[in-house]
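Novice: Each chain, written out:
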Amino acid sequence: MNILIVDDSPVMRKMIKKTIEMSNIDNCVFFEAGNGKEGLDILEKNWIDLILADINMPIMNGIEMIDEIKKNTVYNDIPILVISTEKSYDTMEYLKGKIVGFIHKPFTPEFFSSKISEITGGIYGKR
Amino acid sequence: MGKDDKLYITAANVFANLVFLTPIENNLKNENEFLNFKIDFTGEKNGYMIMKIEKNLLEYINSIISDDKNDIKECGKEILNIICGNILSETFTDKKRFKLSPPIFVEKLDIDAYNFSCSTKIFFEEGSVYLYCNLNK
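One line per chain: the protein sequences are E and S, in this order.
Under the numbering used here, the first residue of the first sequence is numbered 1, with each subsequent residue one higher.
Under the numbering used here, the first residue of the second sequence is numbered 1001, with each subsequent residue one higher.
By construction, these hints were calculated from the structure, which means they are not laboratory data.
Check each hint, because a few of them may be wrong.
A few chain S residues facing chain E, derived, Cβ under 8 Å [unchecked claim]: (1) L1018; (2) C1075; (3) L1135.
Distance ranges between label pairs, derived from CB positions [stated by the list, open to error]: (4) W47(E) x K1073(S): 31 to 37 Å; (5) N1046(S) x E21(E): 35 to 41 Å; (6) D26(E) x E1044(S): 40 to 46 Å; (7) R1097(S) x I59(E): 17 to 23 Å; (8) N1115(S) x D26(E): 47 to 53 Å; (9) K70(E) x G1002(S): 27 to 33 Å.
Backbone N, C-alpha and C fix where the C-beta goes; we use that ideal spot for every residue, glycine too.
All chains should be built: construct the whole structure from the sequences, respecting the hints.
Specialist: In C-alpha cells:
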C-alpha cells in the first residue's frame, strides 16, 4: 500500500509513519510531502493508494490541495484522510464528500487500523 | 469541572494517546532543565498557551517518535500544537474556528511576564510538564 503523508512538520510525518507501523498494516511504502504543492508533485509521479493530509500548511494548504486533487480525473478517486488538530465545523462541512474521514490529533494505532480497514474494505488494517 | 482540571485532562489524554505516557501523582525527583514553547491563537477568543517541559521528558518522547535527537524542539512544538488544538475544541464548541500560529521555542522564559486564565502541571516518571493558558486576551 503506497501512502502519501502531507504535513509540514517532519516530526508529525514520523509520528504518523510510526503509528501506521504499529497498526499492523503490512507492506506500506511511504511518500512524504511538506505542503500541498509537494503532495501534488508526488501524485504526478507515483502510484498512491491513500493520502493522509494535514490542513494548515504553508505554500499550499490541505484544503487547496484536496480541491486540486478532486479536479484531476487521473487521481480524484484516491481516498483522502485528513489528520489535523483543527476540528472546526466549517472545515468539516466543506470537506464532506471530498474526503473519506477525519482523524483528530492525537491518534492511536488502533484508530488508524480500523479507519484504514474501513477505507480498504478490510484488505489492510483490522476490523 | 474547572478550567485547570479540563487542561490537565486534555493534556494527559494527548500524552497517553500520542506516546503512551501515564501521569503519576507526584514527581519526587529533582526537576532538571526545562524547555519552553509558546503558541498563539486567534478566533472567537484570542490567547496563547505556554508549555514548560522537562528536557528529560521531551528527550524520552522524542525517542519514541523520532530516531533523530535533533528533532527534540520540533517534537515539543508539535505536542504543544496538539494540546492547544484539543483544549480549544474542548473549551469551545466545534463550530468555533480558531487559527493556531506556528508554535515557537522560547529560549528564555519569564513566566511572570504573562497572564493566565488556567494552568496545570503533570508529572510522569520521565519528568514534569507545566502548561499555562490565556484564553481571555
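Novice: A separate judgement is required for each hint: does it hold in the structure or not?
Specialist: Now the hints, each set against the structure:
Taking 8 Å as the C-beta contact cut-off toward chain E, the hint placing L1018(S) at the interface holds, the least distance being around 4 Å. Contact between C1075(S) and chain E, as hinted, is supported at the beta carbon level, the nearest pair being about 5 Å apart and thus within 8 Å. The interface hint given for L1135(S) is broken, as the beta carbon of that residue sits about 16 Å from the closest beta carbon of chain E, more than 8 Å. Separation of W47(E) from K1073(S) is about 35 Å and conforms to the stated range, judged on CB atoms against 31 to 37 Å.
Hint check: N1046(S) to E21(E), Cβ distance near 39 Å, so the stated range 35 to 41 Å holds. Separation of D26(E) from E1044(S) is about 44 Å and conforms to the stated range, judged on CB atoms against 40 to 46 Å. Checking the proposed 17 to 23 Å range against R1097(S) and I59(E) shows it holds: the Cβ atoms sit about 21 Å from each other. In this structure the supplied range 47 to 53 Å holds for N1115(S) paired with D26(E), their Cβ-Cβ distance being about 51 Å.
Look at K70(E) against G1002(S): about 44 Å separates their beta carbons, and that is not inside 27 to 33 Å.
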